[in-house]
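Protein chains in written order, with my numbering: chain F, 421 to 805; chain L, 421 to 805.
Hint data in this document are derived by calculation from the structure and do not stem from the laboratory.
Incorrect hints may appear among the rest.
Note: identical chains are not told apart, hence a pair may lie in one copy or across any two.
Stated by the list, open to error - As a list, the in silico DSSO-like pairs of lysine-lysine whose alpha-carbon atoms are at most 27 Å apart: (1) 639 with 463; (2) 451 with 574; (3) 677 with 436; (4) 547 with 463; (5) 677 with 802; (6) 547 with 639; (7) 576 with 452; (8) 589 with 547; (9) 436 with 547; (10) 802 with 589.
Number of protein chains: 2
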Amino acid sequence: MNNFDFCVGTHILFGKGQVERLPEILSPFGKKVLLTYGGGSIKRMGLYDRVRELLADFEVWELNGIEPNPRIESVYAGEKLCRDNGIDVILAVGGGSVIDCSKAIAAASCSDEDAWELVKDPDKIEKALPLCTVLTLAATGSEMNTGSVITNLKTKEKLGFLNDAMLPKASILDPTYTLTVPADQTAAGAADILSHIMEVYFSRPYAPIPDGISESLMKVVFRYAPIAVREPDNYEAREQLMWASTLALNGLCSTGKGQAWPCHAIEHELSAWYDITHGTGLAILTPRWMRHVLNEGTVDQFVAYAVNVWGIPADADRFAVANRAIDRTEDFFRSIGIPMTLGELNIDDALFPEMAEHAVRFGGLEWSWVPLDKDAVVEILKQCL
Amino acid sequence: MNNFDFCVGTHILFGKGQVERLPEILSPFGKKVLLTYGGGSIKRMGLYDRVRELLADFEVWELNGIEPNPRIESVYAGEKLCRDNGIDVILAVGGGSVIDCSKAIAAASCSDEDAWELVKDPDKIEKALPLCTVLTLAATGSEMNTGSVITNLKTKEKLGFLNDAMLPKASILDPTYTLTVPADQTAAGAADILSHIMEVYFSRPYAPIPDGISESLMKVVFRYAPIAVREPDNYEAREQLMWASTLALNGLCSTGKGQAWPCHAIEHELSAWYDITHGTGLAILTPRWMRHVLNEGTVDQFVAYAVNVWGIPADADRFAVANRAIDRTEDFFRSIGIPMTLGELNIDDALFPEMAEHAVRFGGLEWSWVPLDKDAVVEILKQCL
C-alpha cells in the first residue's frame, strides 16, 4: 500500500426519522442558517415543510433553484446571501449538486478570492462556513467527503476540487427521501456510485483491504440498483444504495491506493459541453474505457473483478474472463435503462478533439492506470457513439 | 438495517515514517505532553528515542510500565500526573493496553468523579484531554474508536466502556513498529481482530454492506496472519493486519447491525481472574461458542461465512457446511500457534460458575444473537477445557 491520510469526521445520522435531530446538529454552529436546495422535489415530498418546522427557532435564509451540474453563478448568489446576512451555518437539502454548490458557497464566503479562483486553485481555501446536509439522492458521496464539482458554462469548464474545510459536519441519510427518485435518476445515481468505486479499484497498487471493500460494495450496487429501478419504494434497496454511495467516495476505498479518475475527466467534458446527466455519461464511458485499457499489464485486476464481483469462473483464458466481466458491466447499465450511446443523447463527434485535449490537460490522464493521450480519449469517445 | 450514527473523525496517518509528523499533530493542542507507554519494546526498537527527539520543543512528562490488561492503578497514576502538571495532550505510544489506559486517564483528568466510577458509568464522562497515539500492535482497534477496557484486580472486574470524548484525535499507524512483535502476540492480535469482526458479523440484522466488508476483512486476516507469524518482518503482512485491526472496530463493520459481544463478555472474566492474553482467550472461546449457537435460526449466516470467507462449496447439508467453517476457524487459530485449550493455560473449572454469573450479569448476554444464560456459559467454558 501507499502511505495515506484518512480523516473523515462527518457525523452520519442514518435511517428513518433522523431529520428530527436537525436542531441538535445545527445548534452548535449558531442561529443563522442558509437553507439551500434545488427544485421542487423536496417540497412535493413534504421534506421542505418539515425542515422549516424544525428550524422554527433559527433565522433562515434560502437559496433555491440550484441546478444539476451546479454553476458558478449559484455559488456567487449563495456567497452574497452569506456575507449580507452573517450566516453561521449552511444546511444543504438535496443531492450531490446542492451539496457541491453549498461547499463552494461555504468556502467562498470565508475568502477574499473570487469563487471561481478557489475552484481552480483550492489550496487558496483556508476555511469555510460549517455545512450540514440532508441527502435526497444516492449518487455522489458528497455528503461525506471534501470534494465538489462546479461548472462554468461561459468557459465550458466543469472542474472538481478538494479542500478539508469543505467536509460536511453532519449528514442526515434517510433513505425514505429517495423513494420518489425516478427510475432514470436512480440508474444514473447507481452508475455514479459504481464509477467512484471502479475509478479507484482499477488503479495501482492493488491493495487487498480497499479492493475487497470495493468488491463488496459493487456487488451491493449490482444487486440492489435493479430492484430500486423496478420498485422505487423498496426501502431495503434504497438504504443499500444510499450507504454504498457514501462509502464509495469517503476515502475508504482508496486507502493506500493511487487514483487518476480517467472516466470522470472525460465525462466532465461531456457534461460541460452538453449538460448531460453525470452518471449517464459515466455509464456510457466506463465499459468502452475498460476495453481500451485491457492489456497484459491490467488483465489480472479485471479477472479479480470478474471472479469476485460477478462470480465468473476463472477457468478460461484471462482475457476472455476479463471481457466477459466488461460485457456484463455494459449489459448491467443497459438493463437498468441507461441510454448507452452518445447518439441516443444527440451527441456527435464534432467536439471530440477539443474535449479530449481539455480532458488530458486538466484530468491528469498521463498518470492514470493506463496513461491516456488525446488520441486515446478520442478513440474511447468514438466507441461511445 | 437498524438506524445508526457513525462519527469517527480520528486523523489516521498510515505508513512508513509518519511519526515524523508528530509535532504537526500535537501542536494544535498545546505544549505540555504526557507520554504514556508500556515496557521496553519501544526503547529496544528505537521508537522511544525518536519520539523524544521529535518532542524537543514540547514539555514532556512520562507514565511508563502500563501493563497488558491495564489496571485502574495506572489510570490513577496518569491522572495525578495530568492534574499536577496541567497536561494539554496525552501521547500514547504502544498497543491497545497503553491506548485504553490513556483514554481512561484523559477522561479522569477532566472529571470530579473517581476514575473507577467513570469506568462503571461512562455517561458521567463529559470531556477528556485530547489523545494522540502511535500504534505498535495490530489488535484492539483502540486507535480509532471510543472504547477502553480497564481491569480492577481487587474486585476481579475487567470492564469495557465507551464515550465519544475518548476518541483519539490522531493516530500514527506505521506497520514498521510491528515487525518485532513476537509470534505469540501476533497470533493473539489476529485473534482479537477476528473476534471484533465476528462478534458483530454473527449478529442480527444481517446487512449486506457491513457483512460484506467484514467478510473481506476476515479474508485478509486469515491470509496474512500466518505470514506475519512465520515471517515477522514481512511488511506487507504487517500493514494488512494493522489496517484491518483499525477498520475491524471503528464502527464501520457494525453500521446498521445489532451487537452483543458474547465472547468478549466471557473472555473478560478469564482475563480478570487469570490475567491471560485477551486474544488467546477469544481464540479459545470463539469456535466453542460458534458450535453452541449453531441452530436452525443461525445456520444461514454460518453458511454465508463458510462460502464467502472460506470458499467452502454450499453443495452439502447446511449444518455440515457450517460445521466445516467452524472447524476451519479452530484449525486456523491452532495453526498460528495459539494454545487452544484452557488446560494449556492451567485454568480448570473451579471458577466457571462464578465467572458465568458475572458474564451474564454485566455482559448483556440475554440480548445476544443466541441468548446465553449462566448454564450456557458454563457449558461453553467446559468445552474449552
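Which of the numbered hints are not met once you compare them with the structure shown? 1, 2, 4, 5, 6, 7, 9, 10
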